[in-house]
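Student: Next come the chains, spelled out residue by residue.
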Amino acid sequence: MKRFLVIAILIATVLTFASLLEDIQARGALRIGQDQGYMPLYGTDEKGERVGFEVDLAKKMAEILGVKVEFVIVNWDGIIPALISGKFDIIFSGMTITPERALKVNFTIPYLTIGQTVLYNVKKFSSPPKYSELKDMDKLTISVQLGTTGEFAARRLFPNAKIITLETMDEAAFQVATGRADIMVVDSIYAQYMAKKYPQLASTGELLTKEDLGIAVKKGDLEFLQWLNTFIRWAKTSGLVEELKEKWGVEAE
Amino acid sequence: MSKILAVAGVIALVAAMYVAISKVYPFNWNLVVRYYILFMKGLLITLKVSVVSLVISFFLGLIFALFRRSHFEFLQDLGSIYVWFFRNTPLLVIILLTYYGVGTIFQMNRFWASVIALSLFEGAYMTEILRSGMEAVDKGEIEAARSLGMSEFQIFTTVIFPQAIRISLPPLIGQMVSLIKDSSLASVIALEELTMMGRQVGTRTLASFESYLIVAVLYVTITSIISFSGRIIERRLSLP
Numbered sequence: 005m006k007r008f009l010v011i012a013i014l015i016a017t018v019l020t021f022a023s024l025l026e027d028i029q030a031r032g033a034l035r036i037g038q039d040q041g042y043m044p045l046y047g048t049d050e051k052g053e054r055v056g057f058e059v060d061l062a063k064k065m066a067e068i069l070g071v072k073v074e075f076v077i078v079n080w081d082g083i084i085p086a087l088i089s090g091k092f093d094i095i096f097s098g099m100t101i102t103p104e105r106a107l108k109v110n111f112t113i114p115y116l117t118i119g120q121t122v123l124y125n126v127k128k129f130s131s132p133p134k135y136s137e138l139k140d141m142d143k144l145t146i147s148v149q150l151g152t153t154g155e156f157a158a159r160r161l162f163p164n165a166k167i168i169t170l171e172t173m174d175e176a177a178f179q180v181a182t183g184r185a186d187i188m189v190v191d192s193i194y195a196q197y198m199a200k201k202y203p204q205l206a207s208t209g210e211l212l213t214k215e216d217l218g219i220a221v222k223k224g225d226l227e228f229l230q231w232l233n234t235f236i237r238w239a240k241t242s243g244l245v246e247e248l249k250e251k252w253g254v255e256a257e
Numbered sequence: 002m003s004k005i006l007a008v009a010g011v012i013a014l015v016a017a018m019y020v021a022i023s024k025v026y027p028f029n030w031n032l033v034v035r036y037y038i039l040f041m042k043g044l045l046i047t048l049k050v051s052v053v054s055l056v057i058s059f060f061l062g063l064i065f066a067l068f069r070r071s072h073f074e075f076l077q078d079l080g081s082i083y084v085w086f087f088r089n090t091p092l093l094v095i096i097l098l099t100y101y102g103v104g105t106i107f108q109m110n111r112f113w114a115s116v117i118a119l120s121l122f123e124g125a126y127m128t129e130i131l132r133s134g135m136e137a138v139d140k141g142e143i144e145a146a147r148s149l150g151m152s153e154f155q156i157f158t159t160v161i162f163p164q165a166i167r168i169s170l171p172p173l174i175g176q177m178v179s180l181i182k183d184s185s186l187a188s189v190i191a192l193e194e195l196t197m198m199g200r201q202v203g204t205r206t207l208a209s210f211e212s213y214l215i216v217a218v219l220y221v222t223i224t225s226i227i228s229f230s231g232r233i234i235e236r237r238l239s240l241p
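Chains as they are written, first to last, in the working numbering: chain A, 5 to 257; chain B, 2 to 241.
If you are wondering where the hints come from, they were derived from the structure by calculation, not from laboratory data. Any given hint could turn out to be false.
[What the hints assert, rightly or not] Using 25 Å as the maximum straight-line C-alpha spacing, the simulated DSS-like pairs for lysine-lysine come out as follows:
(1) A/Lys166 x A/Lys127
(2) A/Lys51 x A/Lys72
(3) B/Lys24 x A/Lys223
(4) A/Lys143 x B/Lys49
(5) B/Lys42 x A/Lys166
(6) A/Lys108 x B/Lys49
(7) A/Lys222 x B/Lys24
(8) A/Lys249 x A/Lys127
(9) A/Lys91 x B/Lys42
(10) A/Lys200 x A/Lys127
(11) B/Lys49 x A/Lys166
(12) B/Lys42 x A/Lys143
Pulled out of the complex, with its shape left as it was, chain B reads as follows (with noise of 0.2 Å):
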């Protein structure tokens, strides 16, 4: 019931802001609604960009959380100095510096240098999500283990890393979630992500408004569509 009350409030207060700017902006949907096969091509890259990062970065954050749970020192450094550098700059700077540093060098087209950037900025995080979900497992359970003989590969494919995961899980979500809306930053390098093509669609409309708040709807879908799809797996893979 009080959940129906917030949604009814919430959205009586837009419609009351939405009736306010109008007096001042006139507003017109019909230019921008012709433009929808534009932003359905923005929201595929967006798409696009944002699995490729994911796949390659939860790679990233499992290789890292395991260099700095490593017994050699060289390995922990290079997990720490990774987290270190890609939580203490900028996505923009890091998207800037792939595509116009390192991409220049290696003939990098906007995409992957997006892809990269973001993987590794969101890798940094995913590092330290798993490193905390593998430092949860029991102690016990892994010198149970021990005890029993299994190899360390073992102990890790079989007792650490199921666990991990679904300790993981709530925050490698909200990872997910966040990677979608930081891929709005690649729009920088002009990448025709689903940011860029609103604003080509309110510039060649006039109409910038209507096509920010399109912009805007779109992303709240996806996320959400991935926040509650996440919420169910939570559910199933939760231990009674």
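Chain A extracted, bound-state conformation (with noise of 0.2 Å):
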């Protein structure tokens, strides 16, 4: 009786538990957080329209589950509080993936593959500066985005450096054009696109560590996490995302 009542019980929560998947499906709409900026993965053009790799990436993905997209913008350091409580579906924001990060969201399998690089401003260095220049180099002020790999790999591989981080990607790099930092340490991609994009600045192509993106999920719903794994799968052997990575220049693997 006591077995029956457990299996009943069981039965029951695995009945009534709906997954994110039919909550977006009723609603209409799928949520994607994001921060400010990371160009050419998301962005806002000049008319204040959503732009960018994952932006065509999240609108395929409302597509095919027959929905609106709709972006919520949050500062980096809050986008995992945000997600655990609620505020939209998925992060789907160029976030690599750590095992530190994932005891408190679920990963998907990776979309892109990425590495830390130097942003540097071309007055102050005349040629790209290596790793094992800088690394030992005096009063070196690195800027970074608040609580992004590129802050934790800076920590690590820059010990006597100083650190300022700011709240965004762009307001980092500004740092760097302005010379009030010497260099940034920052995603390749977002690096190679703001090279070719101002004169001043240049990217060193030197990759001080390798990462992978994913898209992250509240824990606990794995159909939907099955979901997106399946839709980044597909995405990449039907050839949408060396599509789209043409489109918007995205060299990574």
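Reconstruct the complex from the two isolated chains, following the hints.
Tutor: Next comes the structure, spelled out in structure tokens:
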């Protein structure tokens, strides 16, 4: 009798447990959490529209689900708490998969592989500075975006440097452009994008780390995670990822 | 008695909220407490910025309050323009303007940019507080001092200023508390004060909520100490 009750309760919970996938379809909108900007993955154009590689992928995702896409913009340092407290459904914001973050959220399989690199000011360094030179430089100021793997890499790889933490990637890059910081440690695709856009900035191209980017979801909904994994695998094999990489000039694996 | 009841009520409410939140958000205090040195460093910078800004803004307030009471129309206008501009511009914008605008010309570092922005902003409020304090001094006393043959400078230092300070003390202490809280906005230019340190610890440990709570408790502690000691000083200075 007891065993029967336990099984009955288990079945009842499984049946009544609705996946977020159904919530999204019932609501008619997929809510994507991102921070202000990380071009060419996501950012805002002159008209205020969200654009970029991940924005296009998210739109495709919503199209398949048959819903609208909504972008919820939060500060990077608050993005995980915002996901946990249900401000949006997924973090699709160029997030590096780390085991520490995976204690708080679930990650999908990676959709891009990147690395941390150095963005520098051409007025400050006439030739691309190597890590081995920078590492022992006296009074090196490094700008990073608060809470990114760039910040963590900078603290680990440049223990003698002064590290300043800015709220957005663009603000951190601005410190280098105006000479308030000597270098910025940042994701390689962003460094390449900025080097192309601004003549005073350049990327060393030297990869200091290797990192996988994945989509993060709240813990406890494996159904939804499974669907996202399927979507990523499909986007890769169907050529959509390659096509979008070409479109946005994303140079990554 | 009613005070004890109120405090108990608030504590019960906070505890209930904590329990409710911990159902959806697993608290992890060990991680955050390990970084207590960073919180202390941040608190020290917050106090440094606040104290330096307090001194500068007090003198700015004093100077512009005198300008506004002066007989020269030019100085009066200067005072009004200063108060008008800094009371009608958000502090955040003033900090950004100081650091990225003026700071670029003078090669100002983050600490001094924050101090100058905060001083200018709070100085405008100090101006109005001190001016109203000076205006509240009995006109008869000033006339009496004049008829005794005291110079204008003597009248200010011995009659107006001591009384104006006494009258202005409660709002000045309120402004001091605001200044400490406002200094958190300097985190936007990456000054490593308490709020920024809390955000750094939050992202490093992925325990933002715990970190923000510690930051809040530290702010409440310092501002309460100031309000409390302010009340004691007021009582000491108040006329029988």
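Student: Is the Cα-Cα distance between A/Lys108 and B/Lys49 25 Å or less?
Tutor: violated, 36 Å
Student: Need the status of pair B/Lys24, A/Lys223: alpha-carbon distance at most 25 Å?
Tutor: holds, 14 Å
Student: Given the hinted pair A/Lys222 and B/Lys24, is their alpha-carbon gap at most 25 Å?
Tutor: holds, 14 Å
Student: Verify the proposed pairing of A/Lys143 with B/Lys49, using a straight-line Cα cut of 25 Å.
Tutor: Distance of about 23 Å is within 25 Å: holds.
Student: Measure nothing beyond the straight line between the CA atoms of B/Lys42 and A/Lys143; if it is 25 Å or shorter, mark the hint as holding.
Tutor: holds, 20 Å
Student: For A/Lys200 and A/Lys127, compute the direct alpha-carbon distance and say whether it is at most 25 Å.
Tutor: holds, 16 Å
Student: Between the alpha carbons of A/Lys249 and A/Lys127, is the straight-line distance 25 Å or under?
Tutor: violated, 30 Å
Student: With the threshold set at 25 Å, check whether the alpha-carbon distance from B/Lys42 to A/Lys166 stays at or below it.
Tutor: holds, 15 Å
Student: CA of A/Lys51 to CA of A/Lys72, is that 25 Å or under?
Tutor: holds, 19 Å
Student: Run the distance test for A/Lys166 versus A/Lys127: straight-line Cα separation, threshold 25 Å.
Tutor: It holds: about 20 Å lies between the C-alpha atoms, which stays within 25 Å.
Student: Are the Cα atoms of B/Lys49 and A/Lys166 separated by 25 Å or less?
Tutor: Holds. B/Lys49 to A/Lys166 sits at ~20 Å (cutoff 25 Å).
Student: Decide if the proposed pair is consistent with the structure: A/Lys91 and B/Lys42, CA atoms, cutoff 25 Å inclusive.
Tutor: It is violated: about 32 Å lies between the C-alpha atoms, which goes past 25 Å.
Checked against the numbered hints listed earlier, the structure breaks hints 6, 8 and 9; every other hint is satisfied.
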